[in-house]
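There are 4 protein chains.
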Amino acid sequence: MVIIMSKESKEKDIEDIISVLDERGFDIHRSTGVDHTILGVIGDTSTLDPRTFQVYEHVIDAYRITAPYKLVSREFKKDNTIIRIKDVEIGGNETVVMAGPCSIESREQIMRIAEQVASAGAKILRGGAFKPRTSPYSFQGLGEEGLKYMREAADKYNLLMITEVMDKDQIALVEQYTDIIQVGARNMQNFTFLKALGKAKKTIFLKRGIAATIKEWLMSAEYILAGGNNKVIFCERGIRTFETYTRNTLDVSAIPIIQKLSHLPIFADPSHGTGIRDKVLPMARASVAAGAQGLMIEVHDDPDHALSDGAQSLYPEQFKGLMDEVRAIAEVIGRKVANGTTK
Amino acid sequence: MVIIMSKESKEKDIEDIISVLDERGFDIHRSTGVDHTILGVIGDTSTLDPRTFQVYEHVIDAYRITAPYKLVSREFKKDNTIIRIKDVEIGGNETVVMAGPCSIESREQIMRIAEQVASAGAKILRGGAFKPRTSPYSFQGLGEEGLKYMREAADKYNLLMITEVMDKDQIALVEQYTDIIQVGARNMQNFTFLKALGKAKKTIFLKRGIAATIKEWLMSAEYILAGGNNKVIFCERGIRTFETYTRNTLDVSAIPIIQKLSHLPIFADPSHGTGIRDKVLPMARASVAAGAQGLMIEVHDDPDHALSDGAQSLYPEQFKGLMDEVRAIAEVIGRKVANGTTK
Amino acid sequence: MVIIMSKESKEKDIEDIISVLDERGFDIHRSTGVDHTILGVIGDTSTLDPRTFQVYEHVIDAYRITAPYKLVSREFKKDNTIIRIKDVEIGGNETVVMAGPCSIESREQIMRIAEQVASAGAKILRGGAFKPRTSPYSFQGLGEEGLKYMREAADKYNLLMITEVMDKDQIALVEQYTDIIQVGARNMQNFTFLKALGKAKKTIFLKRGIAATIKEWLMSAEYILAGGNNKVIFCERGIRTFETYTRNTLDVSAIPIIQKLSHLPIFADPSHGTGIRDKVLPMARASVAAGAQGLMIEVHDDPDHALSDGAQSLYPEQFKGLMDEVRAIAEVIGRKVANGTTK
Amino acid sequence: MVIIMSKESKEKDIEDIISVLDERGFDIHRSTGVDHTILGVIGDTSTLDPRTFQVYEHVIDAYRITAPYKLVSREFKKDNTIIRIKDVEIGGNETVVMAGPCSIESREQIMRIAEQVASAGAKILRGGAFKPRTSPYSFQGLGEEGLKYMREAADKYNLLMITEVMDKDQIALVEQYTDIIQVGARNMQNFTFLKALGKAKKTIFLKRGIAATIKEWLMSAEYILAGGNNKVIFCERGIRTFETYTRNTLDVSAIPIIQKLSHLPIFADPSHGTGIRDKVLPMARASVAAGAQGLMIEVHDDPDHALSDGAQSLYPEQFKGLMDEVRAIAEVIGRKVANGTTK
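Residue numbers (the numbering used here), protein chains in the order written: chain A, 189 to 531; chain B, 189 to 531; chain C, 189 to 531; chain D, 189 to 531.
Among these hints, one or two may not hold up.
Stated by the list, open to error - Mimicking BS3-like on lysine-lysine, the simulated pairs with C-alpha atoms at most 27 Å apart in a straight line are: (1) K383/A x K198/B; (2) K195/C x K265/A; (3) K403/D x K336/C; (4) K403/A x K383/C; (5) K403/B x K383/B; (6) K383/D x K265/B; (7) K336/B x K387/B; (8) K265/D x K198/B; (9) K524/C x K258/A; (10) K403/C x K274/C; (11) K383/A x K524/B; (12) K508/B x K448/C; (13) K448/B x K265/D; (14) K265/D x K265/B; (15) K403/C x K403/A; (16) K383/C x K344/C; (17) K403/A x K389/A; (18) K524/C x K508/B.
Claimed, not checked - Each pair of labels, with its calculated beta carbon distance range: (19) Q242/B x N527/D: 39 to 47 Å; (20) K403/D x K266/A: 44 to 52 Å; (21) G416/C x T235/A: 32 to 40 Å; (22) K198/B x D466/C: 42 to 50 Å; (23) Y251/C x E333/A: 53 to 61 Å.
As the list claims (entries may be wrong) - Quick partial rundown of chain C residues pointing at chain A, CB under 7 Å, derived from the structure: (24) L209; (25) I216; (26) H217; (27) G228; (28) H246; (29) V247; (30) I248; (31) Y251; (32) P256; (33) L259; (34) R428; (35) F430.
No lab work stands behind these hints: they were computed from the structure. Ideal placement from N, C-alpha and C gives every residue a C-beta, glycine not left out.
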């Protein structure tokens with residue numbers, strides 16, 4: 189941290205600050221310039237809050253120099269983290285696609301959709317068994333029954349499985365079925381949950397909170413890595429802005445930013461990111477063109493009767509078209525997307 | 189819900205939509221105008237998502253007419269809800285002030301500050317024993333030990349006690365000590381937690397999420413009331429905007445809006461709402477002038493050494509001045525604030 | 189400006205930056221710490237863009253230390269600026285109220301409303317003759333005819349007059365009639381216009397842009413002062429956020445912030461700030477409680493037939509009630525609001 | 189417009205509203221349902237403000253059904269507008285690239301950069317002669333001298349020319365030199381200027397305001413078309429959000445949205461959209477993948493000494509690489525980008 193003091197500062201003002209820092213065990217590098225005195229704070233400043241010093245008189249500003257996250261940073265680990273689950277490699281040269289319905293609605297539904305997305309080239313089956321809903325009166329998911337159907341469908345079509353966990357108490361149950369645990373946007377700063385995820389055995393898919401800065405998002409991943417689980421995937425899924433035409437504003441630029449700051453993979457979810465079916469395809473292309481290491485796409489074969497999020501779900505045929513386009517775009521930047529089994 | 193269809197709609201387009209609604213058990217009132225056909229959907233539409241219909245061809249727009257919340261609304265209950273806890277009445281004619289440190293740091297600290305805030309007229313002692321921290325490396329609170337100190341301090345100075353609960357598993361423990369359970373901004377849409385709070389015995393203090401619309405906030409309270417607990421207090425604590433001078437932007441207008449839409453009381457927290465000590469006083473005055481039924485204020489007698497949020501904590505002497513000013517302002521609008529015991 | 193370089197920096201990296209700064213005539217204070225090298229840039233850095241240095245390799249960050257504005261700052265002028273126009277003092281101990289219709293619609297209308305607002309204690313008559321409208325098909329104002337009616341009304345009831353100027357070419361015309369020139373939110377960064385306002389003879393009422401940071405707002409005022417006109421009043425009128433219940437979010441905290449950073453007066457406009465009639469009163473009270481040096485309020489005696497902004501205009505009787513309440517609140521903080529002439 | 193009234197409405201409440209609308213010449217289609225009465229307003233409602241009716245008692249809500257813009261809409265004109273300037277076709281099958289420095293700094297500089305961008309495949313030379321600067325103390329541009337240099341450079345390398353006009357008074361001058369007039373983000377709602385641009389002879393490049401909704405942006409274009417000039421190009425250049433890592437958040441989804449709602453072409457400006465050099469390439473790829481009909485890119489051969497925006501300018505060599513990548517991506521979606529002349 190650096191603390192910049194104005195030339196009006198008296199010696200006592202400066203010493204007051206130095207003594208507070210000294211008590212906490214920090215060393216100070218003091219530099220007296222023509223217009224300002226600059227105090228450089230030496231030591232692990234991750235627990236210091238710059239605001240504490242900003243309110244002192246004659247302090248012009250206080251800035252954190254070192255990032256408050258460590259384990260997730262490129263400085264800590266230079267090479268991309270590659271997460272291998274069964275025969276799928278996430279974070280490597282392949283752009284991996286997750287697809288499936290918003291909610292698991294029945295055994296037949298998830299079996300049918302699993303076949304469709306697998307045949308188009310998806311590697312991971314998505315679907316919700318426990319649904320976070322804004323309204324207490326909306327469909328809340330099939331629960332464990334849904335997990336069973338989904339595991340069966342994933343196994344039959346040689347797919348990995350990802351599903352959302354809403355609470356630390358569900359981790360043990362869901363881990364019996366899933367390969368990847370999804371953490372929803374609203375839980376991104378549920379710190380009790382994040383600590384428990386640090387002890388989980390499965391890979392964590394950490395969605396960005398709708399009002400989370402990139403720094404806060406990295407800090408949430410830091411909680412999980414600090415707990416011992418270093419298999420974390422970021423997922424950009426849209427932020428809240430003043431624009432209401434789309435449900436959220438997909439922050440495509442978060443993709444290259446995360447890749448610069450962290451070694452962990454980043455996916456994009458254009459279904460939630462836009463909330464409108466006909467915007468999913470162009471935004472999926474945009475995300476892959478920006479370098480996303482994967483996509484999450486909602487697919488439903490009867491979206492008009494979907495119990496949730498029908499408006500943003502693609503028809504299986506549209507999904508196949510999407511896969512063909514993102515495959516070609518991935519190749520332009522030296523990446524690849526798996527082929528489907530159908531022509 | 190009303191669904192508005194353009195004059196290009198063919199009879200089949202209209203009947204497709206009617207049949208989807210009919211299957212779900214809704215009645216339709218159809219009105220054919222010169223330029224549009226309007227479908228009025230009759231029945232409990234709280235589980236319908238307008239977006240489902242917005243993506244149909246020839247649908248110009250679909251709007252929800254009835255609010256998706258019920259129990260929290262003024263329509264459901266015309267008179268203000270008054271919550272009585274011991275001898276304190278919240279939601280009535282008195283503007284009730286909660287004050288105390290961000291974190292409980294020691295028995296001595298909380299005893300000292302409890303005395304100071306009580307003598308200035310506060311009725312409720314605030315303080316955190318379990319702290320939600322952005323960084324896993326920051327001070328996380330004293331836990332149950334802190335709760336004991338706080339209960340002792342509250343009892344000694346005849347104060348109610350409010351403290352944050354971070355997770356449904358902590359409810360039973362914290363209920364042994366506290367009078368009011370605080371739900372932090374980051375947990376406002378932790379739906380598993382909200383359901384559990386519906387079964388809690390204590391009053392819930394529901395902070396607004398930093399990116400939560402007023403409608404979403406009301407829906408979160410609806411979860412708690414739907415679960416059986418109708419003792420809920422709203423607390424505006426600042427929303428995230430593009431402005432970075434303040435930590436958050438305190439949305440003072442949320443106070444009269446909530447009072448129009450709901451019968452439940454609303455407080456303001458200018459400490460978190462601004463994040464800067466010298467802005468707390470003017471924003472506390474503004475909140476009371478706007479009609480807030482209570483305030484939450486951070487007070488610390490040694491903010492430079494506070495383990496969290498020192499920059500936004502008032503000195504006890506400043507807090508006393510604040511109480512004097514808000515007392516006079518409350519009177520202007522026919523409300524009152526308790527007198528302190530000191531001159 | 190300070191530029192912070194990582195310990196990976198080689199001597200050449202540091203010298204490259206120093207040489208760029210040296211060419212532009214800056215002196216450098218170099219301080220080598222354990223973990224970082226800090227370069228302090230000495231001289232007038234207002235023309236330097238920190239981003240230029242942030243993109244250099246091994247630069248951790250670059251910050252501007254001195255504010256980029258000068259003439260508007262408290263550092264430049266410690267005492268509040270008081271603007272005297274005829275017998276009205278703006279920026280002094282009185283909270284001055286501007287009131288009137290959104291648009292001047294007829295001679296009769298403005299005469300009638302002028303009488304009503306004057307009798308309630310307003311000192312300044314507001315009204316638009318040239319209207320900035322989002323739609324080219326909306327009512328665009330009466331033009332010069334409206335200015336004449338308004339001047340007549342203001343003179344008859346001993347009021348000052350404020351009206352919006354939309355373009356530098358209108359300045360000369362409008363200055364023949366008005367006492368104060370209003371600059372609308374959408375023109376806050378119309379730099380050509382700002383330069384022309386620096387040459388204007390009348391006081392400028394500078395509304396905050398809906399997405400303008402406080403720093404950008406101060407910079408826009410700086411343009412006017414740098415041009416030679418130091419009679420500038422700020423007006424907070426709501427910023428754009430994700431919340432859509434209100435038309436804008438009135439940023440009440442901008443009032444004490446501007447007062448800390450600048451010597452110029454600041455008003456609040458709760459009519460545009462909320463866009464809803466029944467929210468104007470509580471937000472007017474909140475603004476005065478926060479310390480605003482004045483208010484701008486829309487008043488119309490037949491808002492249902494108003495040609496613009498009827499939904500946010502107060503009835504004259506409501507305005508009188510507002511004046512009574514803000515008068516009492518102003519007194520609590522040692523300020524005053526003029527009495528009306530009616531009982 | 190539809191106005192929805194609750195079942196509590198008395199006949200008089202409904203008739204009051206009908207009479208206000210009737211006076212203004214609207215016909216009403218009244219539909220009485222079980223729970224609500226719905227009033228359909230027939231006629232040109234573009235001048236009606238829904239808020240006027242929302243504040244009536246017993247009005248649940250009032251919505252505009254027809255878009256407030258006409259001439260810019262797909263309904264008005266089904267086919268894409270193609271703007272032909274000399275041998276360049278904008279809005280057709282080619283993705284057209286504009287490139288050049290932020291500011292014209294000297295004749296040599298613009299000649300050199302024009303050659304570099306032309307050889308990489310750019311068709312249009314960008315550069316500023318009049319610069320809108322947040323600070324009155326920053327470099328304000330070379331003025332007409334810069335226009336002359338730029339015209340010469342454009343002609344020599346067979347490029348079109350685009351430059352920003354800041355004010356209606358500059359239009360006549362700049363039209364003598366430029367092919368396309370750029371309207372900056374801060375001027376998007378400068379309505380006096382927009383009206384004058386409706387009379388301009390040249391094509392208008394209309395940047396999105398940093399806080400402008402897509403609807404407001406369309407309305408601003410409507411001003412220009414309503415004035416008689418139907419050669420308008422939209423340019424997405426980033427919106428202001430809470431995220432501060434990037435200068436703005438490039439709203440890539442605005443590209444397919446504008447293409448659905450309007451027949452006019454849309455470009456993207458990833459240089460201003462991100463503000464950071466190494467994010468320009470991935471966001472240029474994303475924009476083209478999303479279907480943008482063109483790009484605007486800042487290129488400077490000595491960005492460390494650029495007088496403005498050096499941090500976001502590409503080196504000529506980087507620009508060439510960008511062109512190669514976007515050319516390949518355009519082909520994936522059936523579009524093309526011009527070849528450069530160099531290997």
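(request) Would you pick out the hints that fail for this structure and give their numbers low to high? (result) 1, 3, 4, 6, 9, 10, 11, 13, 14, 16, 21, 24, 25, 28, 29, 32 and 33
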